[in-house]
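Trainee: Letter by letter, the chains look like this.
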Amino acid sequence: METKWRLAAIVIALVMILAPALPAQDEGEMADSMPAEIQMEPPPAPELVLGEDVPNDGGHKLKLTWGYPAEWSDSVARFLIFRGDAPDGEFKSLGEAARGVTTYLDIGSKIKDNSDYMANDHDFYYKVIAVANNGTESEPAIGGPFQTSGQWFHWGKVPVLVGVVLFGFFTVLFINAARKGKELFVRPLAGIEAVDEAIGRATEMGKPILYVLGIGTAADIATIASFTILGRVAKKVAEYQTDLIVPCYEPIVMSVAQDVVKSAYMEAGRPDQYSDDQVFFVTNAQFAYVAGVNGIMVRDLPATNFYLGYFAAESLILAETGNSIGAIQIAGTDQITQIPFFVVACDYTLIGEELYAASAYLGRDPLLLGSLKAEDWGKGILMVLMAVGVLATAFGWNAIRELVRVIL
Amino acid sequence: MNIFDKMVALDRRWVFLFLFVVVALAYFLRNHFTVDIVTTREVRSIYNFVENLEPGDKLLISFDYDPSSLAELHPMSRAIITQCYKRKVKVIGVTLSQYGAGMVEEIFREIGDVAEQEYGREIVYGEDYCFIGYRPYPAFVILGMGENFRVFFPRDYYDTPLDDLPIMKGVKNYDDVKAVLAITSGTTADFWVIYGNARYNMPLALGVTGVMATDYYPYLGNALFGLIGGWKGAAEYEKLVGRPDKATAGMPAQVAAHLTIVLFIVIGNIGYLLSRKTKKKLG
Amino acid sequence: MIVFLVSLFMVVQYYVPLDSWAWMYQYLIDWTIIIGVFALLLGIWSLWRVNFNKIKQRAENWEYAVITLAGLLIMMIVGFVPGWGNLNNYVYEHFFYYILVPIQATMFSLLAFFISSAAFRAFRARSLLATLLLFAGLVIMIRFVPMGQVSSYISDLSGWILRVPNLAAKRAIIIGIGLGAIATAFKIMFGIERAYLGRD
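Protein chains in written order, with our numbering: chain V, 1 to 408; chain Y, 1001 to 1283; chain E, 2001 to 2200.
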C-alpha cells in the first residue's frame, strides 16, 4: 500500500515538473482560440498625457495629446476623456476620442454660469481611459496641471494686418500727392458721366426721378457709396426742380437718406422744396419692397431710374419693369450675381468697385482720388502676389505659402 | 417694318405669353413625358455621405430661406429629411432666416407623416429631430454655435431647455454632429463657408438656388463636400432618395422653359442678322 | 471723432482675441440690433404718414394706400394679440401660408418671365464679344436638355465655362470689390467720406 502511494506521488510530481515544458501556444494563438468576449486582460493605460493651450484665442480651449502602444491600436475602441480640478478629486466626463485618435480638443464655455465653464489661468487635470473592443477599461492616465489663457494678439492674422497697413500707406501717399496738386488720371466711367444727362432728361420730360438704394443696411459699403451719389443727384435735382422719389427698404437707411437729400436741397438753396414724403419707408420684406417699387414705376412713370446699392434677386424685376416704361436706367452694385442682370436690362452699369469709386468721380476731391489710386496700386501688388503664389504652389515653395497663410 | 424688324422688335408680352403657355402645358402633361435626370457628382456626394451614416448619428440642418425661394429649396429640404428619417439619422434643425421657422415646421410635420406611412416609423420630437429656433445676425450665430449651441439657443423653438431634449445629449457644438447642411437662398451661404467651415473645419454642404450655385463651385472639394444647386439639384436628390416629388414633377416645365428662351434668342438673332443684311443692301 | 474711435476699436478688436474685447464687440453689435428695432418704428411711422396723407387728400391711386394700411394694421393686431402671434394660431397660420408665402413665391417667379424677355433682348450677336456671350449663354441653358450623347459634351463644356472663365472674372471683380470696401472703410474712418452723415 505504501509503495502504491509513493508511486502515485512520484507520478504527480513528475507531471507538475514536466508540465511547463510542454509546448505552449503563444498569445496570438491563444487569443484566436479564445472567443473575444472572454478575453479579460484590460488594455494598458495611455502614456504621457500632455495638454497645450490653443494659441490665438481668448482661452477656454486646451488641446490634449497622449501616447498609446501601436500594437494595441486595433484592440482599443475609444478613449474616454475626463477633466477635473485636482488629480485626486472629482472628474467630469467630456467626451470620447475615436479609435486610433490620440488628441482631443477641449472647448470649454467662457460663460461663468455655464456648467461647462473653463476658467483661464486655472489648473486643470485630465484623465484618459482606453476602452477595449470588449468594453474593458484601462487604468486611468492622469496629466496636469494644465492651464488655458487668452492671448493679446492673434498671430495668425498677421498677413491681414500687413496688407491693411500697406494699403493704408499707399492711401496716405496718394492723398498727399493729390493734395500737392499732382494730376491723378482716372479712366472715365460711362455710368457716372451719364448722371447729368439722365437728370436733364427727366427735367425736360417733366417726369420724376426714382432712386433705389437697394435692400442693404446702412452698414453695407454699397449703401454708403450710394448715399454719396444720392447727395449729388439730389443737389442736381433740387437745382433743376425735378421730383425725386426715394423708396427705402430699411428704416435706418431711410433716416440717413432723408438727411442726405435734405442737406442737398439746402446746399442747392431750395430747402422749401424738400419734403419728407420724397424719402419714405416701403417695407423690409424683399419681394414686397420690389412690388411696391414696381407699382411706383408703373404709376408715376419716372424718366430716370437709379439702382445703386446692395441688390439680390429682385434686381432684374426692377430693371425690366424700368425698361418696360422706357426710363433711362443707371445701376451699380457689388453683388456679383446681380451684375449680369443689370448689364442686360440697364443703360449704364457700375460694376463692383466702380460704385465705390463714384464719389471720387463726382466730386473730383483730391482726398477721394488719392484713395482711388491707392486701390489701383493695391490691385497691382495683389496681381504680383498671385503670380508668386502660383509659382510657389507649382514648385512647392511652402515657406512662401506659409508666409501669407491666414489662420482665422 | 419687314418681318425681320418685327422679329427684332417683338413685344415682350408675346414672349411672356408664349413662355406661360409652354410651361403650363409642360407641367400639366408632365406625366406623359419624363426627363432623364442625370445625377451630378456634387449632389451624389451629399447623398452618399448621409447613406454612410450610422443610425443615431446627428446632422445639423440649417434652413435659411424664405417663401420666395420655396420652389427651389423646399424640395431639396424634403428629400434630405426623408433620407435622414429612412436611415434613422437624427436631425437638429435651425434657421437663420426670419421666415424660416414656418418652413421648418411644415417640412418636419409633413415628412414625419410620410415616414410613419411609408417606413412604419413614428418620428418623435426631441428624439428623432428637434428645432432649436431662429436668431438674427447669421455670422454671429454661426460663430457662437461653433463654441456651444446653447450660447445662442439655450432653449428650443418650443421653449424647452436644450439639455432636456434627448437628441441634444452630448451635443455641444459642430464637433458633435457629423456634418452641417445649410439650405440657403442668401448671403448666409457665405457666412457658413467663412465663419463655419474656415473657422471650425466642420464638414459642410450647401443647398442653394440655381443662380447662386455657380458661385460655390470653387469651394467644392475643400470647404464643401457637396452642393445641391437649384431645382435640378433637388430633382437629382429626389431621384437618389427614390422618392420623386415636386422637383422631379417640375423638370419637364424647366426644360420647356429653357428651350423656349433658346428659341426666342435664336429668333431674335435671326431677325437681327437678316434685318442688318437687308439694311446694308438698301444702303 | 466718434466714428473714428469706434471704427478704430472694431479694427483693433479683429486682432485681439481676448474675452473682454469680444464682449465689447458683442455689446456694440447688440446695440446695433436694438437701434435697428427702434428704427423700425420710424419706418412704420413713415409708411403710415405717406399713405394716410394719400388717402386724406384723395391723391391719385389712393385706394392702394388703403390696402397697404389695412395689411399693416391687420398683421400688427394679429401679431400682438397674446397667443395669436405664432404659427400655432389659425389666423396667423393662414395669413402666413395662404397670403405671404404664395405672394412672395409669385414675385420670385416673375423672374422667369423677365429673364426670358431680357435674354431675348440682350443676347444679340452685335459684335465678337456679344457673340461669345451668346454662345456661352446658350451652352449653359441647354445643358439641362436631355440630348443623348451630345448632352455629356455640352455638360462638360458648360462645366468648363462655369469653372474657368466665369470663375476667373468673378474672382477679379471680388478682389476689386474687396479693395474698394477697404478703401471706403478707410475713408469713412478718417472722415474723408461723410455722405452718410447727410453732408459732405
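FYI, nobody ran anything at the bench for these hints, they're computed from the structure. The model shown is predicted, which means the values in this text are computed figures rather than measured ones. Backbone N, C-alpha and C define an ideal beta-carbon position, used for all residues, glycine too. Among the hints, a few may not be true.
Unchecked claim - With a straight-line cut-off of 20 Å between C-alpha atoms, the simulated SDA-like cross-links for lysine to any residue are:
#  : chain 1 : residue 1 : chain 2 : residue 2
1  : V       : Lys63     : Y       : Asn1222
2  : Y       : Lys1279   : E       : Ser2127
3  : Y       : Lys1169   : Y       : Asp1057
4  : E       : Lys2170   : Y       : Gly1186
5  : E       : Lys2170   : Y       : Asn1222
6  : V       : Lys61     : Y       : Thr1214
7  : V       : Lys112    : Y       : Pro1161
8  : V       : Lys63     : E       : Pro2017
9  : V       : Lys157    : Y       : Lys1169
10 : V       : Lys63     : E       : Leu2018
11 : Y       : Lys1006   : E       : Gly2036
12 : V       : Lys61     : E       : Pro2017
13 : V       : Lys112    : Y       : Pro1203
14 : V       : Lys63     : Y       : Gly1146
15 : Y       : Lys1169   : V       : Glu96
16 : Y       : Lys1169   : V       : Ala97
17 : V       : Lys61     : E       : Val2016
18 : V       : Lys61     : E       : Ala2022
19 : Y       : Lys1178   : V       : Gly95
20 : Y       : Lys1246   : E       : Leu2018
21 : V       : Lys262    : E       : Trp2045
22 : V       : Lys112    : Y       : Lys1172
23 : E       : Lys2170   : Y       : Thr1214
24 : Y       : Lys1172   : V       : Lys157
25 : V       : Lys157    : Y       : Ala1139
26 : V       : Lys61     : Y       : Ala1198
27 : Y       : Lys1169   : V       : Ala288
28 : Y       : Lys1178   : V       : Lys112
29 : Y       : Lys1178   : V       : Lys157
30 : V       : Lys63     : Y       : Ala1198
31 : Y       : Lys1088   : V       : Ile107
32 : V       : Lys157    : E       : Ala2181
33 : V       : Lys63     : E       : Phe2135
As the list claims (entries may be wrong) - One side only, chain Y facing chain V, incomplete, derived with CB under 7 Å:
#  : residue
34 : Val1114
35 : Gln1117
36 : Asn1201
Trainee: Need the list of violated hint numbers for this structure, in ascending order.
Mentor: 1, 6, 9, 11, 13, 20, 24, 27, 28, 29, 31, 33, 34, 35 and 36
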